[in-house]
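Let the sequences and hints guide you as you build the complete structure.
Chains as they are written, first to last, in the working numbering: chain A, 7 to 338; chain B, 7 to 338.
Every clue listed holds true.
Same chains, same names: a pair is fine if it fits in one copy or spans any two.
Straight-line alpha carbon distances no greater than 25 Å define the calculated SDA-like cross-link-like pairs of lysine to any residue that follow:
#: 1; residue 1: Lys280; residue 2: Gln171
#: 2; residue 1: Lys54; residue 2: Leu336
#: 3; residue 1: Lys262; residue 2: Ala273
#: 4; residue 1: Lys54; residue 2: Ala315
#: 5; residue 1: Lys229; residue 2: Asn190
#: 6; residue 1: Lys280; residue 2: Thr243
#: 7; residue 1: Lys280; residue 2: Glu319
#: 8; residue 1: Lys54; residue 2: Gln337
#: 9; residue 1: Lys36; residue 2: Gly321
#: 10; residue 1: Lys36; residue 2: Ile91
#: 11; residue 1: Lys36; residue 2: Leu140
#: 12; residue 1: Lys36; residue 2: Phe330
#: 13; residue 1: Lys36; residue 2: Asn126
#: 14; residue 1: Lys262; residue 2: Ile91
#: 15; residue 1: Lys229; residue 2: Gly201
#: 16; residue 1: Lys280; residue 2: Arg316
#: 17; residue 1: Lys36; residue 2: Asp322
#: 18; residue 1: Lys262; residue 2: Ser80
#: 19; residue 1: Lys225; residue 2: Asn190
#: 20; residue 1: Lys280; residue 2: Ala315
#: 21; residue 1: Lys225; residue 2: Gly201
#: 22; residue 1: Lys254; residue 2: Ala226
Note that these hints are calculated values from the structure, not bench results.
Nothing here was measured: the structure is a model prediction, and the numbers come from that model.
Number of protein chains: 2
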Amino acid sequence: MPAPISTPLDPADQSLVAGVLARQLRPLAKAITLIESQREDHQARAQKVLEALLPHTGGAMRVGISGVPGVGKSTFIEALGLYLIEQGLRVAVLAVDPSSSVTGGSILGDKTRMELLSQNPAAFIRPSPSACSLGGVAEKTRETMLVCEASGFDVIIVETVGVGQSETAVAGMTDIFCLLQLPNAGDDLQAIKKGIMEIADLIVINKADIDAGAAMRAKAQIKTALHMLRPASPNWTVPVLTLSALQKQGIADFWKAVCDYREALGASGEFAAKRRHQALAWMWEMIDSGLRSRFRSHPRVREELPALARAVEEGDTTPAAAAFRLLGHLQS
Amino acid sequence: MPAPISTPLDPADQSLVAGVLARQLRPLAKAITLIESQREDHQARAQKVLEALLPHTGGAMRVGISGVPGVGKSTFIEALGLYLIEQGLRVAVLAVDPSSSVTGGSILGDKTRMELLSQNPAAFIRPSPSACSLGGVAEKTRETMLVCEASGFDVIIVETVGVGQSETAVAGMTDIFCLLQLPNAGDDLQAIKKGIMEIADLIVINKADIDAGAAMRAKAQIKTALHMLRPASPNWTVPVLTLSALQKQGIADFWKAVCDYREALGASGEFAAKRRHQALAWMWEMIDSGLRSRFRSHPRVREELPALARAVEEGDTTPAAAAFRLLGHLQS
Chain A
7 MPAPISTPLD
17 PADQSLVAGV
27 LARQLRPLAK
37 AITLIESQRE
47 DHQARAQKVL
57 EALLPHTGGA
67 MRVGISGVPG
77 VGKSTFIEAL
87 GLYLIEQGLR
97 VAVLAVDPSS
107 SVTGGSILGD
117 KTRMELLSQN
127 PAAFIRPSPS
137 ACSLGGVAEK
147 TRETMLVCEA
157 SGFDVIIVET
167 VGVGQSETAV
177 AGMTDIFCLL
187 QLPNAGDDLQ
197 AIKKGIMEIA
207 DLIVINKADI
217 DAGAAMRAKA
227 QIKTALHMLR
237 PASPNWTVPV
247 LTLSALQKQG
257 IADFWKAVCD
267 YREALGASGE
277 FAAKRRHQAL
287 AWMWEMIDSG
297 LRSRFRSHPR
307 VREELPALAR
317 AVEEGDTTPA
327 AAAFRLLGHL
337 QS
Chain B
7 MPAPISTPLD
17 PADQSLVAGV
27 LARQLRPLAK
37 AITLIESQRE
47 DHQARAQKVL
57 EALLPHTGGA
67 MRVGISGVPG
77 VGKSTFIEAL
87 GLYLIEQGLR
97 VAVLAVDPSS
107 SVTGGSILGD
117 KTRMELLSQN
127 PAAFIRPSPS
137 ACSLGGVAEK
147 TRETMLVCEA
157 SGFDVIIVET
167 VGVGQSETAV
177 AGMTDIFCLL
187 QLPNAGDDLQ
197 AIKKGIMEIA
207 DLIVINKADI
217 DAGAAMRAKA
227 QIKTALHMLR
237 PASPNWTVPV
247 LTLSALQKQG
257 IADFWKAVCD
267 YREALGASGE
277 FAAKRRHQAL
287 AWMWEMIDSG
297 LRSRFRSHPR
307 VREELPALAR
317 AVEEGDTTPA
327 AAAFRLLGHL
337 QS
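Okay, here's the thing in structure tokens:
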């Protein structure tokens, strides 16, 4: 492999790396702030810090949690986090919220949402980074996840709300993608429509304590839908669990299902293959985004693009001719 | 607008253009063959021919037809085509079949499938082009559509089967996207799942003569699903029609719905805006694909990509560092 980095870490970043590896929270937070910074020199330093931490990553179970507002994600994640800590595990909670750059964030904006968990020394909660694009938000979260892994967290929970394509991004960085549903007719149809049910590895019907009958009906409905939506994987049949995060009922069963998943996919080699595939897909996404931004910043392209785009819109030239002409400028 | 073409058409291609505009079928077929050719000199000539034809395009109604194998697409398109010809219109039938490069094509492979229509002088039927990618197949079909328009066809029907993302491609090149469904429970769920129902402007339940009751139930189900799936457009509510292509029942109603759509969206300006937006989206797709292929063919990228991709997969480097390094080669 060609060495991607030629210059060594500066001493300040060396001690940052050492602190992260020593499981200290302050260096962890500082490393994440470096990753989230938009400044170019910070970005360069962040990449070096990440390279140094990489050999120590990969040890955590990466759990994605999605669900519409009101489904009880915070309550569920707090209950799950406290349960895992009871089992002796350290838990990090991150978020991908593409609305955060505009609105200041709709999830994990403050830690009071998960009061008990945020006060626990074995937990680390970080709100969504803000960035100009979903791709940017997701990439920073993915890199933050790696830093948390290097810092010895056993479980990384990545939370997202149903905004834009954020579910796909979270499913693309986690080992298991869990969808929280309400025991409502129509909620499952929404999830089918948005293609979320299709990418879910585990489905949880929360608030099952309120109306047990409705929860059982929802479960049956979702099972039927899953059956029709996709062929059963040779290694995994998507379970549909009912639980009550508020009553702390069903949390242990949920975690058992996650462990079953890891075991089933681990045995067949699918687990490791999925991580390799995810990393490669991230690389290509960053390459495509880089190519597009270079293209747009080329002087001749900047000069001609507006008029050519207008000509294409008006049918005065073909999309192919316009694309060909603009791409031709890159050679000179 | 910067003139995209500097050299004039050669005499042979000038007579090709004249023949297409004179509504002669031989030059039309020859122009399409030029468009479908993979040879670079043919591609350059094809783009010039297209530029010359462009001022004469845009006059047809572009109708996309999708549906799974067995739904009766051929029978429907033949019945619709013959009906339109009876109304004094000329009809072209094209296809987007991404499997055609591999299998030789699963739709429109031979004209015997629509025997009466193919023998009619007011009809022109062209099987799917074969190309290495769906993007390639779709772009050639889109350009073929423009040639047919310049040749005076009033209606262009673009057919596709449910393979890959071909529905999205066809919806992206037509004015109205029609989904054919069977009166089966589960068929609509498949369409919801694949996101096709969401992009449909018109839904048709075919074979309604076999079991009228089942067709009515399917209609009600689909209407409910449509209601839940998306907010009603200010200008258009997606109709669900029942018909029998075999019995030639409901074809006139179908065409009336297409005309209603054109009128409703035309009045609000949405129709023209949709075409402008489609052309621009095609341009960007071709730019992205061009950028990616240039990137891959850069000598340093070709040299380093395999090892770096492996390093990313194995977690020896981050996707960001690998992408950054590879993109860096483009500057030199």
